Amino acid sequence: MHFEQHFQQIVNGLTLGAIYSLIALGYTLVYGILAMINFAHSEVLMLGSFAALGLAVFAPTFFGASPLGLAALFAVSMAVAGLVNVLVERFAYRPLRTISRLAPLISAIGVSIVLQNAVFLWISTQALSFPQPGVSGQVSIFGASISALQLVILGAALGLMALLHFFVEHTKMGKAMRACADDFATAGLMGIDANKVIAITFFVGGALGGAAGVLYGMNYGSIKYNLGFLPGTKAFTAAVLGGIGNIRGAVLGGFILGFLEVLASGYIPDGAQWRDVIAFTVLIVVLLVRPSGLLGEKTAEKV
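Position 195 (the sequence shown) corresponds to 210 in our numbering; numbering is contiguous.
In short, the hints are calculated from the structure, not lab data. Treat the hints with care, as some may be off.
[Said to hold, decoys possible] Label pairs and their calculated CB-CB ranges:
1) G152 <-> L117: 22 to 28 Å
2) I128 <-> A177: 21 to 27 Å
3) A177 <-> A87: 17 to 23 Å
4) V154 <-> L83: 34 to 40 Å
5) D198 <-> I299: 29 to 35 Å
6) F18 <-> M51: 42 to 48 Å
7) G206 <-> G281: 50 to 56 Å
8) I283 <-> L303: 20 to 26 Å
9) L309 <-> N210: 29 to 35 Å
10) F244 <-> A287: 14 to 20 Å
11) F182 <-> V72: 49 to 55 Å
12) F106 <-> S155: 26 to 32 Å
Note that this is a predicted model, so its numbers are computed, not measured. Note that beta-carbon positions come from the ideal geometry of N, C-alpha and C, so glycine has one too.
Can you make the complete structure from the sequences, with help from the hints?
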């Protein structure tokens, strides 16, 4: 295999890893504050992609036809996904938070099933073609021909990660989120509105999931009512790999998982058939060897 082909595999891994990282950030933001997994996150991702499809079909001459249209497509899809996630928090998590740790998780699984079947019954049971943005052609980098669409996907994902970093590190709400993640009870005693912080966290996580849904549709060219399950589960694996609750860990885990899948497909005989197995094998190994993940902190057991 020539260098150009190796470089192409690297770009493929970066592209896939960027999508996984965005989804994983949604999981890790919620877990960082509530120490719970949002099992409806996969369907929020799916709804974001369908919102983008609806907009592109409704106004094809605007959405995706220009950089401004593409930005508007992302903004609306992220807003829809974020609001859906806020509703999930309000009705599936908040009323049950004080009952037990298991009750909200079961409730979220129920919401996930409802959302998936709603799209199945009311929109389509078949895969729908996802409109591609007005980006075409190849870009030559180090002698390798890289799809311009891949560069758009990678650039959009990295830009959103940078915005998240700025939001968490340099805004008042971001500092409140970090305070709640460090010590939820103490943050409440210091006057931080915990319910507001949780709702904003769900909105941001859902918005990132919605953006990932758009990128997924662009990358694979079609979407389906159950599209969120596999990438959502893999992204959860990525979050655990990097250290669930750790933002940098979610990004690292997403890119590692993306590279592992691409390497398996490109360098192992019949590797494409094993890429899903590799992802979940990684999850099992990490849970056995380092349950806290690569960047997660080990917590002492309280007696």
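Against the structure, the hints come out as follows:
1. G152 <-> L117: 22 to 28 Å: Check failed, 51 Å falls outside 22 to 28 Å.
2. I128 <-> A177: 21 to 27 Å: violated (35 Å)
3. A177 <-> A87: 17 to 23 Å: holds (20 Å)
4. V154 <-> L83: 34 to 40 Å: violated (22 Å)
5. D198 <-> I299: 29 to 35 Å: Given range 29 to 35 Å: holds, Cβ gap about 32 Å.
6. F18 <-> M51: 42 to 48 Å: With a Cβ separation near 46 Å, F18 and M51 satisfy 42 to 48 Å, so the hint holds.
7. G206 <-> G281: 50 to 56 Å: Given range 50 to 56 Å: holds, Cβ gap about 53 Å.
8. I283 <-> L303: 20 to 26 Å: This hint holds: roughly 23 Å between Cβ atoms.
9. L309 <-> N210: 29 to 35 Å: holds (32 Å)
10. F244 <-> A287: 14 to 20 Å: Check passed, 19 Å falls within 14 to 20 Å.
11. F182 <-> V72: 49 to 55 Å: violated (31 Å)
12. F106 <-> S155: 26 to 32 Å: violated (51 Å)
Going through the hint list in order, the structure does not satisfy hints 1, 2, 4, 11, 12.
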